[in-house]
Amino acid sequence: MIPELGHFALIVALLLALTQAILPLIGAQRGNLTLMAVARPAAQGQFVFTVIAFICLAYSFLVNDFSVENVASNSFSQLPEVYRFTATWGSHEGSLLLWVVILAFWTTAVSVFSRHLPEDMVARVLGVMGLISVGFLAFLLTTSNPFDRLLPAPMDGRDMNPLLQDWGMIIHPPMLYMGYVGFAVAFAFAIAALLSGRLDAAWARWSRPWTTVAWAFLTLGIALGSWWAYRELGWGGWWFWDPTENASFMPWIAGTALIHSLAVTEKRGAFKAWTVLLALTAFSLSLLGTFLVRSGVLSSVHAFATDPARGAFILGFLVLVIGGSLVLYAWRAPKMLSGGGFTWFSREALLLGNNVVLLAALGAVLLGTLYPLLIDALGMGKISVGPPYFNAVFVPLMAPALFLMGIGPLARWKEASLPDMVSRLKWALAISVATGILLPLTLDGFKPWAVFGFAMAMWILLTVLIGFRERLKNGARLSSLTRSFWGMQLAHLGMAVGVAGITVVANYQVERDVRMNIGDHTELAGYTFTFRGTTEHQGPNYRAARGTVEVSKNGKKLYELHPEKRIYNASGMPMTEASIQPALFDDIYVALGEPLDEEAKTWAVRVFHKPFINWLWLGALFMVIGGFLAASDRRYRIAVKAAAPAGAAAQGA
Amino acid sequence: MKSRHKKLLVILLGLSGLGIAVALILNAFQSNLVFFYSPTEVAAGKAPSDRAFRIGGLVEDGSVKRDPDGLTVRFVVTDTAKSMPVVYKGILPDLFKEGKGVVAEGKIGADGLFNSTQVLAKHDENYMPPEAAHALEQAAKAQQTLAQ
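First to last, the sequence lines map onto chains A and B. The first sequence begins at 1053 in our numbering and counts up one residue at a time. The second sequence begins at 46 in our numbering and counts up one residue at a time.
Just so you know, the hints here were simulated from the structure itself, not pulled from any lab data. A few of these clues could be false.
[Stated by the list, open to error] Below, simulated DSS-like cross-link-like pairs (lysine-lysine); rule was C-alpha separation at most 27 angstroms, straight line:
| # | chain 1 | residue 1 | chain 2 | residue 2 |
| --- | --- | --- | --- | --- |
| 1 | B | K51 | A | K1319 |
| 2 | A | K1466 | A | K1499 |
| 3 | A | K1387 | B | K52 |
| 4 | B | K51 | B | K142 |
| 5 | B | K145 | A | K1653 |
| 6 | B | K152 | B | K134 |
| 7 | B | K127 | B | K145 |
| 8 | B | K110 | A | K1653 |
| 9 | B | K142 | A | K1653 |
| 10 | A | K1653 | A | K1605 |
| 11 | B | K52 | A | K1466 |
| 12 | A | K1478 | B | K51 |
| 13 | B | K134 | A | K1466 |
| 14 | B | K186 | A | K1478 |
| 15 | B | K91 | B | K52 |
| 16 | B | K142 | B | K186 |
| 17 | B | K127 | B | K142 |
| 18 | A | K1387 | A | K1319 |
| 19 | B | K52 | A | K1319 |
| 20 | B | K142 | B | K152 |
| 21 | A | K1499 | B | K134 |
| 22 | A | K1653 | B | K152 |
Full structure from sequences and hints, please.
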């Protein structure tokens, strides 16, 4: 009964989405206020019904209703309750449902926080978001119904993929989707602006906080994903340049370019066409990411052939959205007048330079991700593009990006003076170069990339500090600095922290695979690891060999680590569960390989010393907080108050 | 320098920067592409001898042997038509098993052994790495045409 209710709620949501898409768009075109007024209630109603559908699915998972196919394939009666709940979005169908719920959430948020916007703008934005929702709901209902029944119902489920049974995976997908789908708001604003032909600084000010919040969520989602990979995959890596990772990274790069370009459009009225194009790009890449991860095309392009309906639907939708928006762009963009001239050396020019570098990096990632798929689809053989390619391209491209990141915020709008900048920054530059050269000397071995990384991290740190000092010298107090300034500074500082972390861990981590018998010990980075054997361990839905590894330093015992080798009951799948002792300056990471003798006394053990790895996620956290701070800046709220009477008057008219 | 000239200079600088970026990307792309060959193709001498590539297929039953150091593993990858001996030092992925699909990346050594630097077995109990499936498919096709 409950699954049918969920199915029914989805159908109602689709009807509401259709209403929300069609009527307000017609109303906005004709200036009909009654039709435009449909947008808000339809959007909010759609949200209610998608949430009902979601609750119904979650309920089916929680009560182990294995007559629902989705539950039977992705859950298991012995699965702990919290994972039964998160299994709701662990499958293809469930995660698309989550996508739709989050889209409806964003739409509702826009409908609530848009009272200061002109009615036709709201109608168009909500209408466009309704169209997107129609696409996804139709996809869910026609090809991926999460409520399909399985008759006769099996006795038990096939269990959730063990890798997903981790709390990083509980929050990673919702955060990632908040980011992905959040770019739909920026996209809808851009389309609305193109439709109405009203593309001005006010438009940029409206869409800016939404975009920044979406970007912050995406940053958080990616960071959580990387943290999960580090802890769960047992390889100790934090980024693999895997297509699924690239799928989320590409919209992030485009989004980063977008929030910077929006700043110029808001402050100076320049780059309008460019900003709109970036908004379209960011969301198109979000859709592409969803498509890559959800269509099964990554595991094999031929997955398409086994389930052509799904693949063809998403591909068609992708072509429609990207193609349609680009046609609209080509038609409307030339009519937009770009205001605010600037010279070749100004904050605008520097931000533009940074945008170009970011897009070059984006192009490189896109090429490396799609080319193997293309070659395979054309039947021209199988190739893979691995981390060496991405590292060889991405790291050098980051050099100009990080360098410009230091200068940009300190340069004046419109026209900056080169000699002035040189005199303000010469010390920072000298100290950064010196740090880059000297710091690696104190560490284990001189690595050229470490020189580069340390210099860049120091450069960003110093320019952030200079930014504060100059403001304070000009009479500002710390308390009088705007939140958007704090946000920017914090996000940039986060970049410095992250770059420092990546530099250290990529250049100075050490790992060792050793064969260990009970009582054997090995040394790594000054720590001594002693293997104390394994014991049988019974988990809620798995059995495990649980190892004990004693870690000591200078003869003093520090702590014990307990890496596990698990076998999951339902699937029979083996899994390595690493044991990690985290700290601000270094992580100790131990994983069990496989038993090397019959009695399982000797094991292959992998030990890692990971210095500064947590700085990576710390840096990402700074960026996230910075994003939220900037989006909560007073001027966006002042705009609400100042414009409220005008909006009310327009409504009354 | 007039501002018009300055503008031109900046545009030229920008374009050359972009050119360098593109050159960098394409060069890295060229030198880091990893091609895939099935054991049959390797046996036919199609695989390169100087650069790394991937092979895939099934881990032959009974072929997994460990050296006394416990960490060096030898096994044979087969596409059921031809097979290829592989040597790898390190910890194998969780789903590495005899009779199951596997993909290995590495180079052919002077001794004819495939020196693997990375062994991949995807994380799903009935999941076959796509490349391994491809190799088996091709071998099956080749055998069918032979039978006819």
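How the hints compare with the structure:
no.: 1; hint: B:K51 / A:K1319; in the structure: holds (25 angstroms)
no.: 2; hint: A:K1466 / A:K1499; in the structure: violated (40 angstroms)
no.: 3; hint: A:K1387 / B:K52; in the structure: holds (24 angstroms)
no.: 4; hint: B:K51 / B:K142; in the structure: violated (65 angstroms)
no.: 5; hint: B:K145 / A:K1653; in the structure: holds (26 angstroms)
no.: 6; hint: B:K152 / B:K134; in the structure: holds (14 angstroms)
no.: 7; hint: B:K127 / B:K145; in the structure: holds (16 angstroms)
no.: 8; hint: B:K110 / A:K1653; in the structure: holds (18 angstroms)
no.: 9; hint: B:K142 / A:K1653; in the structure: holds (20 angstroms)
no.: 10; hint: A:K1653 / A:K1605; in the structure: holds (25 angstroms)
no.: 11; hint: B:K52 / A:K1466; in the structure: holds (14 angstroms)
no.: 12; hint: A:K1478 / B:K51; in the structure: holds (24 angstroms)
no.: 13; hint: B:K134 / A:K1466; in the structure: violated (59 angstroms)
no.: 14; hint: B:K186 / A:K1478; in the structure: violated (68 angstroms)
no.: 15; hint: B:K91 / B:K52; in the structure: violated (52 angstroms)
no.: 16; hint: B:K142 / B:K186; in the structure: holds (25 angstroms)
no.: 17; hint: B:K127 / B:K142; in the structure: holds (19 angstroms)
no.: 18; hint: A:K1387 / A:K1319; in the structure: holds (21 angstroms)
no.: 19; hint: B:K52 / A:K1319; in the structure: holds (23 angstroms)
no.: 20; hint: B:K142 / B:K152; in the structure: holds (22 angstroms)
no.: 21; hint: A:K1499 / B:K134; in the structure: holds (26 angstroms)
no.: 22; hint: A:K1653 / B:K152; in the structure: violated (34 angstroms)
Hint compliance for this structure: hints 2, 4, 13, 14, 15, 22 are broken, all remaining hints hold.
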